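S.K.: The primary structure of each chain is shown beneath.
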Amino acid sequence: MSREPLTVDRNPSAVDRDPSSVNRNPSAVDRRPSSATDHGPRTTDHGFRTTGRGPRIGVFVCHCGKNIATTVDVERVVEALASYPGVAYAARHEYMCSDPGQDIVKKAIKEHRLTGVVVSACSPSMHETTFRNAAEDAGLNPYLVEIANIREWCSWVHNDPVTTDKAIRITRAMVEKVKGNHPLVPVEVDHAVKCLVVGGGISGIQAALDIANAGYEVLLVERSPSIGGRMAQLSETFPTLDCSQCILTPKMVEASRHPRIRLLTYSEVSEVTGYLGNYHVKIRKKPTYVDPDKCNLCGDCVAACPIRVPSEFDQGLSERAAIYIPFPQAVPSSYTLDEVNCLGLNPLRCSECSKVCTVGAINYDMREELIEEDVGAIVLATGYDLYGKEMMGEYGHGTVPDVIEGLEFERILSAGGPTKGEVRRPSDGKVPKEVVFIQCSGSRDPELHKSYCSKICCMYTAKHALLYRHNVHDGTAYVFYIDIRAGGKEYEEFVVRAMEDERILYLRGKVAKVFRDGDKVMVWGVDTLTGKRIEVAADLVVLAQAMVPSAGTEELARKLHIACGGEGFLKEAHPKLRPLEALTAGIFLAGAAHGPKDIPEAVAQGSGAAAKAIAILAAPTLTHSPEMAEVDEDLCSGCAVCVPQCPYSAITPGDVAHVNELLCEGCGTCVAACPSGAMRMKNQTDAQVKRMIQVALDVEPVEVGRA
Amino acid sequence: MSASQPNTGLPQSTGYGPRTTDHGSRPKIAVYWTGGCGGCDVSFLELGPALLDVLSQIEIVFWPALVDTKRSDVEALAPRSIAATLVNGTLRTEENVEMVRLLREKSQLVVAFGACAYQGGVPGLANLSSREEILHRMSGNGFHPTPPPGGDAEDAPPELLAQAKSLSDEIVVDYVVPGCPPMPPLIGLLFDALLSGDLPAPGHVFAHDKALCEECPRTREDRVLTKVVRPHEMVPDPEVCLLDQGMICMGPVIRGGCGAACPKAGMPCTGCVGPTPNAGDPGLAMISALGSLVRAGEEGAASFAAEDKLLDALVDPLGTFYKYSLPAYVRGAGKRSDR
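Just so you know, the sequences run in chain order A and B.
So in the numbering used here, the last one in the first sequence is 707, and the numbering has no gaps at all.
So in the numbering used here, the last one in the second sequence is 339, and the numbering has no gaps at all.
Same shape as in the complex, but just chain A (with noise of 0.2 Å):
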């Protein structure tokens, strides 16, 4: 019985002592073993390791060429360090990341059995993996090495001898950190081997190909009921010509046959949840009322129905039936009963369809299907649309009908499209004589519509212009622009090859007004170049749209917890150094999705997409950062305040709270919620960021001043 009763003089002079600062601090009424208020190991709950001899610092000061030594005095930072509480060994190098600086790191590891790493360098996001992976070389493990950023944070935005201080100050504070820190080790966890690409444009498809052919399953999600995309509606590509469906539907055929992938279209992604490696997708297939393996294509059924609507594939320019196949070079190769706008799925309503379908392929008792899949990737190649023509009524549209856009423009020109490929305007089917295409059509104008670069549209005007005048011989194009930005191989040829050869007229100016006078189009506009007013009276006017995200994919967004940018386009990780990758790990973008793209860019981005896909599919298991929240079950009470404010759905209710380890991104949003401090982030508890604070705010100046 080692019980003893009350006789432990704890405090044989408690009623003399002052009450002290501790002693005043309500939270250390509660007087267990806390952070530690000095330095040294100490036997805690949080706080420093428990090494049992106490932490060995070391301390690497890069000079950054110029970028960190011109207002930072790295001599003195390694000298005020050197002799930091705590503190083995501090060194300096011209550049710490490159071999002989990493070198210095493993050796100092190794020669002074080191506890803890800290790089007082650039952002964590630039090197951190290279310092934690040399520290593991060197047998440290990775998680006791931190990045003190006296860059980005220091060297960068000061210019006098404070930055030296500061650069010392942030050095320490991570000293802190890191005698804090515990060795971690990654969470490993397995994952499915089969991709989904949403989006069957071009993008889409080549990813979905890139993928397939590495060897991995691929379910391509398309919304339409063809495959092809936007390509599928263009006539001709520039610079080379090439007629875009001639290019394209070997792609589309090669996809629908792939034994690998799985074409889903006229579906959509319904709901997604998990994570990297793990996601759970479910997709709508909508029905087409259509048996694709019974349908010879005969198309009876069209003429058939007495429903006609715009249609989607020729822009509004020509009709479909209810019952309709978009083009004839379609994949799948089938027909698709419109439900919204057939008389009613009912024989006693119409069926005339049904009537003269001699297979028997119409079945009206088709039902939507729900799919599960469990995918390791996903690629977003969900693509563009055109900016609405009627936010452009300052350029006639609604008003004038004899004012089109570019895509409707490309159906013209189609030999498929509803004039067979010659030129004839929408009102009257009249062969125009004067054309004026404006570039610029709500891009780049900041006040009314979209601030950016539409970026394809100086080369598909050019294209347009040049294949009018190929069309109509004594044809007149006129052009407004406001730059011409042709950057990409062979395109500022192909620009001078029309301003040149094909005699268009190019004229650098805005359009003010567009308006209809009888039959034409009268364009009134500047030329800056000259001064001059332009007055045309035109017979058809084109106009560049910008290209906005298509129609849902912020909703998708929302549904994969990914961000859009300002203007409603997929956010990469990083503008330059991520461009493929969207924050949540494990989904890529692809194509104009991300951004303004022509068909090479997207083409190389779906590649490029694929490839990350790839390597994820590849992979034998997949590892997590361990750097995330936990729950501490002693102190959590199950009030379930953590619950929503997680951005990635990481946390179950219960008893206690749960964290899934392979969701949660640790981004602390439930740490700084929940109300009883039961939730803490690995290595980077309240007691170490308490400490950092007090060290970075140290009163005592550090730094003497430089000579």
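Hints are computed from structural coordinates only; laboratory data are not their basis.
The structure presented is a predicted model; accordingly, all values stated were derived computationally and were not measured.
There may be inaccurate statements among the hints.
[Unchecked claim] Label pairs and their calculated CB-CB ranges:
#1 B:T219 x A:R113: 52 to 60 Å
#2 B:L284 x A:P186: 27 to 35 Å
#3 A:V185 x B:D192: 35 to 43 Å
#4 A:A512 x B:L314: 37 to 45 Å
[Claimed, not checked] For the chain B half of the interface with chain A, some residues (derived, Cβ under 8 Å), not all of them:
#5 R137
#6 M286
#7 S288
Yeah, the Cβ is synthetic: ideal placement off N, Cα and C, and Gly gets one too.
Using the hints provided, position chain B relative to the given structure of chain A.
M.R.: Showing chain B alone in chain A's frame:
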């Protein structure tokens, strides 16, 4: 046991139960009140029959509410001869401070008993006004404590402190029994520890480390705050979490141990047991939680103003968040005239 220790008579055995220990060998216990309401003194009665067990095992050396003992009796005691002194009430007068210092000297253990001694309690809300403002409100201009007519100078009422203080502001406190007043189960925990000799680490608070929600039978589903209502403005659903219904219940921040008595009765927790060990400042923790839970319309900048307005419906935030703990967390309040 060290031979140099005065004999406090604490038993070596554990547990309650009839005892026949001779008078004089029982542990000496003192109970003192400072600026309190007296509820804490009465709360011992709530122990019921168990109180008799306790009383049979202790010797009361000083307890103004119960036995006729004087300050001089305490002064006569040897230092550290009292096993444990239980102090309830806020420190409000100079006499309060003198007495608790005296008791600290004579006691081996000092227990802050009840919310006032722990963190200042309801009387601590007086810190929102300065001493002068309080005296003026009470007695008009020119009030000064004077002895009763014909009395000695030393019989004058004691001076009011500039601010109400918690016990730990003046002396070292070993344990805390929180609550307003402390609930019988928590008082039981204290005597269990004292009489068994199985003492927890210094600074221990005799309540749960988990928040009150753990004990609360109400269901939590939609963790969203869409309105703020005061208790008199609605009859709450008996099953659903009060916070989800818009009542500002301090439950998620406050230690359990009370059995969630108030929420069970349809009243939001006002926080008398004090914050959980890691919650820190209960007001800040609650503000952070409410800021996380509040929702007015779709997310985005447009909803911020609406959410601010929604939270503005919370009248008296200080009195809501620091009802029992203002002196412990909000410093300098009421010092306007002192400057």
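S.K.: Against this structure, judge whether each hint is valid.
M.R.: Hints, one by one, checked against the model:
1. Distance hint check: the CB atoms of T219 of chain B and R113 of chain A are about 54 Å apart, consistent with the given range 52 to 60 Å.
2. One distance hint, 27 to 35 Å for the beta-carbon pair L284 of chain B and P186 of chain A, holds here, with the actual separation near 34 Å.
3. The hint said 35 to 43 Å for the Cβ distance between V185 of chain A and D192 of chain B, and at roughly 42 Å that hint holds.
4. Checked against the given bound of 37 to 45 Å, the beta carbons of A512 of chain A and L314 of chain B, roughly 56 Å apart, lie outside it.
5. With a cut of 8 Å, the hint placing R137 of chain B at the interface with chain A is violated, because the nearest CB-to-CB distance is about 27 Å.
6. Because the closest C-beta pair between M286 of chain B and chain A is about 6 Å apart, less than 8 Å, the hint holds.
7. Because the smallest distance between the Cβ of S288 of chain B and any Cβ of chain A comes to about 6 Å, under 8 Å, the interface hint for this residue holds.
When held up to the earlier numbered hints, the structure conflicts with 4 and 5 and fits the remainder.
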